[in-house]
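One-letter residues, chain by chain:
Protein chains: 2
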Amino acid sequence: MTQRYGAVTIIGVGLLGGSLALALKARQLTDTVRGVGRNPETLEKAAALGIIDQEYLDPVEACRGADLIVVCTPAGAVPAMLDAIQPVCEASALVTDVASTKAEICEHAARTWPAPLRFIGSHPMAGSEKFGPEHATPTLYEGCVTIVDSNPAAAEARGEVTALWQAVGARVVAIEPALHDALVARTSHIPHIVAGCVARLAASSGDVRPMVGTGFRDVTRVAAGRPELWRDICLTNRKAIAEGLEALERDVADVRRMVAEGRAEELDAFFADAQEARGKALGES
Amino acid sequence: MTQRYGAVTIIGVGLLGGSLALALKARQLTDTVRGVGRNPETLEKAAALGIIDQEYLDPVEACRGADLIVVCTPAGAVPAMLDAIQPVCEASALVTDVASTKAEICEHAARTWPAPLRFIGSHPMAGSEKFGPEHATPTLYEGCVTIVDSNPAAAEARGEVTALWQAVGARVVAIEPALHDALVARTSHIPHIVAGCVARLAASSGDVRPMVGTGFRDVTRVAAGRPELWRDICLTNRKAIAEGLEALERDVADVRRMVAEGRAEELDAFFADAQEARGKALGES
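Protein chains in written order, with my numbering: chain C, 1 to 285; chain W, 286 to 570.
What the hints contain is simulated information worked out from the structure, not anything from laboratory work. You may find that some hints are simply not true.
Claimed, not checked - DEER-style ranges, computed between Cβ atoms:
hint: 1; chain 1: C; residue 1: R250; chain 2: W; residue 2: D492; range: 19 to 25 Å
hint: 2; chain 1: W; residue 1: R456; chain 2: C; residue 2: D31; range: 52 to 58 Å
hint: 3; chain 1: C; residue 1: E228; chain 2: W; residue 2: P437; range: 46 to 52 Å
hint: 4; chain 1: W; residue 1: G491; chain 2: C; residue 2: P116; range: 44 to 50 Å
hint: 5; chain 1: W; residue 1: P437; chain 2: C; residue 2: S204; range: 26 to 32 Å
hint: 6; chain 1: C; residue 1: G6; chain 2: W; residue 2: G454; range: 53 to 59 Å
hint: 7; chain 1: C; residue 1: R250; chain 2: W; residue 2: G491; range: 15 to 21 Å
hint: 8; chain 1: W; residue 1: E551; chain 2: C; residue 2: R4; range: 44 to 50 Å
hint: 9; chain 1: C; residue 1: T139; chain 2: W; residue 2: N324; range: 42 to 48 Å
hint: 10; chain 1: W; residue 1: A463; chain 2: C; residue 2: E228; range: 20 to 26 Å
hint: 11; chain 1: W; residue 1: A365; chain 2: C; residue 2: G132; range: 29 to 35 Å
hint: 12; chain 1: W; residue 1: G491; chain 2: C; residue 2: G6; range: 40 to 46 Å
hint: 13; chain 1: C; residue 1: G262; chain 2: W; residue 2: R323; range: 19 to 25 Å
Stated by the list, open to error - Cβ-to-Cβ under 7 Å is the rule here; a few derived chain C residues that face chain W:
hint: 14; residue: L183
hint: 15; residue: A195
hint: 16; residue: I241
hint: 17; residue: A242
hint: 18; residue: R250
hint: 19; residue: V252
hint: 20; residue: G262
This structure is a prediction, so every number in the text was calculated from the model and none was measured. The beta carbon of each residue, even a glycine, is placed where N, CA and C say it ideally should be.
The task is simple: from the sequences and hints, build the whole structure.
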């Protein structure tokens with residue numbers, strides 16, 4: 001049994017928000033999608049692409065009477081957005097977000113939202129180096145793992161938000177926000193930062209273009225992500241990222257010494273362990 | 286005008302050697318492919334797949350009377366292999382290799398091979414985390430950049446080796462071996478090591494499987510490569526890799542401090558620069 005939504009408000013009509021709108025429309029799960037943005041041109045583009053039905057510059061206006069509200073701004077802007085819209089949200093409205101860090105946002109909502117808590121943070125792990133409504137697709141969430149806040153104070157809203165993501169094809173996992181942030185620091189945020197450092201190192205070495213193969217392309221792909229999005233991720237997950245980076249620096253320095261000193265057996269063991277670690281993290285071993 | 290080869294000897298019938306054999310056969314550029322390996326089962330597999338016509342356990346036997354000899358062993362084994370086969374190579378035979386590091390190998394050959402130098406080192410940048418003859422494909426080298434030694438002492442052999450790679454679809458670039466090694470340290474070897482460290486960090490954090498998205502998969506893909514191959518690459522390019530890793534460690538530590546201290550503008554600039562650096566390295570900007 002899938003919930004239908006009368007009016008859906010998407011605040012921030014980019015890749016994630018636009019794809020959710022298209023997925024809900026493709027399954028006829030909504031009557032109207034209201035799109036909110038600061039840039040009228042982006043809204044017009046989203047409307048022309050059939051992603052949204054109504055264009056709003058004011059999120060407060062767009063949330064009045066909405067059944068489902070999805071905040072798709074960068075992480076740093078979510079708490080203030082929740083403060084702004086909360087007074088006009090219907091008591092029955094379901095509210096969620098799609099930001100890549102969850103502790104700051106979920107703790108803010110738990111502190112400020114009236115009971116019963118109708119905001120449940122989500123993190124659909126459907127990131128891409130592409131952004132903007134022009135890359136939105138109704139299939140983005142198919143098979144995509146989506147994390148939702150396991151807060152026991154919001155069991156009912158969690159059931160609804162779980163049904164929402166499942167309806168568009170996602171696999172939903174409920175996790176405590178602080179643990180989520182500690183883990184994604186290591187599976188997403190740190191890989192992203194390191195990919196950026198790898199790209200900078202290569203580009204600082206003169207013209208490396210003939211020497212660039214698929215390996216470099218793969219390792220650095222995420223470095224093409226939007227700077228303001230990643231800045232916000234870093235600022236809202238500082239401790240876990242800084243701790244993980246420090247551990248990574250120690251590991252890189254260890255390998256550097258193995259290389260400099262030509263320690264063959266230890267290098268063998270490092271590469272074998274790295275291979276196994278990847279399989280383990282991906283659930284392939 | 287494309288050269289035809291009577292007998293081609295491939296020493297090490299894995300992804301690279303097997304794909305070259307298939308590509309030459311698909312274009313009818315050889316009569317016979319002799320495959321050399323230490324493992325009779327791998328040779329039988331390669332023969333069953335139509336990659337090789339004759340199986341040899343002894344590289345010296347396989348090189349007698351061959352027109353083209355391609356050494357496809359890991360980098361560390363190439364110099365000793367050249368020493369072993371040189372006495373039986375025909376004066377007209379063209380000899381090359383496919384290892385990912387070039388200075389040690391090319392300097393060894395320049396020192397030990399009789400004039401005119403008929404060995405020209407190659408590095409087809411067609412790496413993959415797949416290996417073994419079962420992944421060989423006649424199209425592997427299509428569009429693939431292949432580096433060849435620019436040594437002026439071997440201009441004629443270089444012309445021939447260039448024609449070989451071009452015949453199977455590669456784009457050939459001639460570069461001085463030491464410069465090649467310094468650049469690939471930063472575009473390939475260091476990205477590989479860092480991908481391994483990223484995989485190890487994630488796997489050390491308990492069960493991260495639900496948190497693993499396409500970003501992690503991309504960043505760490507190369508970490509699935511063969512340990513003995515990458516150990517050899519590290520051991521034959523120690524100085525350039527160690528220097529580059531040290532520069533990378535400094536950059537990661539800088540970003541870590543920006544994160545720990547919440548320096549928003551510097552993080553913005555870092556991510557914007559990383560994006561630009563990737564585009565520059567890939568020749569997209």
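Verification of the hints:
1. C:R250 / W:D492: 19 to 25 Å: Given a distance of about 23 Å, which is inside 19 to 25 Å, the answer is holds.
2. W:R456 / C:D31: 52 to 58 Å: Hint holds: Cβ distance 54 Å, inside 52 to 58 Å.
3. C:E228 / W:P437: 46 to 52 Å: 51 Å Cβ-Cβ, so the 46 to 52 Å window holds.
4. W:G491 / C:P116: 44 to 50 Å: violated, 32 Å
5. W:P437 / C:S204: 26 to 32 Å: Holds, since P437 (chain W) and S204 (chain C) (Cβ atoms, about 29 Å apart) stay within the stated range.
6. C:G6 / W:G454: 53 to 59 Å: holds, 57 Å
7. C:R250 / W:G491: 15 to 21 Å: holds, 19 Å
8. W:E551 / C:R4: 44 to 50 Å: Given range 44 to 50 Å: holds, Cβ gap about 46 Å.
9. C:T139 / W:N324: 42 to 48 Å: holds, 44 Å
10. W:A463 / C:E228: 20 to 26 Å: violated, 41 Å
11. W:A365 / C:G132: 29 to 35 Å: Once the Cβ atoms are compared, 55 Å apart, the range 29 to 35 Å for G132 (chain C) and A365 (chain W) is violated.
12. W:G491 / C:G6: 40 to 46 Å: With Cβ atoms ~42 Å apart, the hint holds.
13. C:G262 / W:R323: 19 to 25 Å: For G262 (chain C) and R323 (chain W) the Cβ distance comes to about 24 Å; the hint holds.
14. L183: The hint holds - L183 (chain C) has a Cβ within 7 Å of chain W, the shortest such distance being about 5 Å.
15. A195: This hint holds: A195 (chain C) lies near chain W, its Cβ roughly 6 Å from the closest one there, short of 7 Å.
16. I241: holds, 5 Å
17. A242: Where the cut-off is 7 Å and the nearest Cβ of chain W is about 4 Å from A242 (chain C), the hint holds.
18. R250: violated, 9 Å
19. V252: holds, 5 Å
20. G262: holds, 6 Å
Violation of the numbered hints given earlier is confined to hints 4, 10, 11 and 18; the remaining hints are satisfied by the structure.
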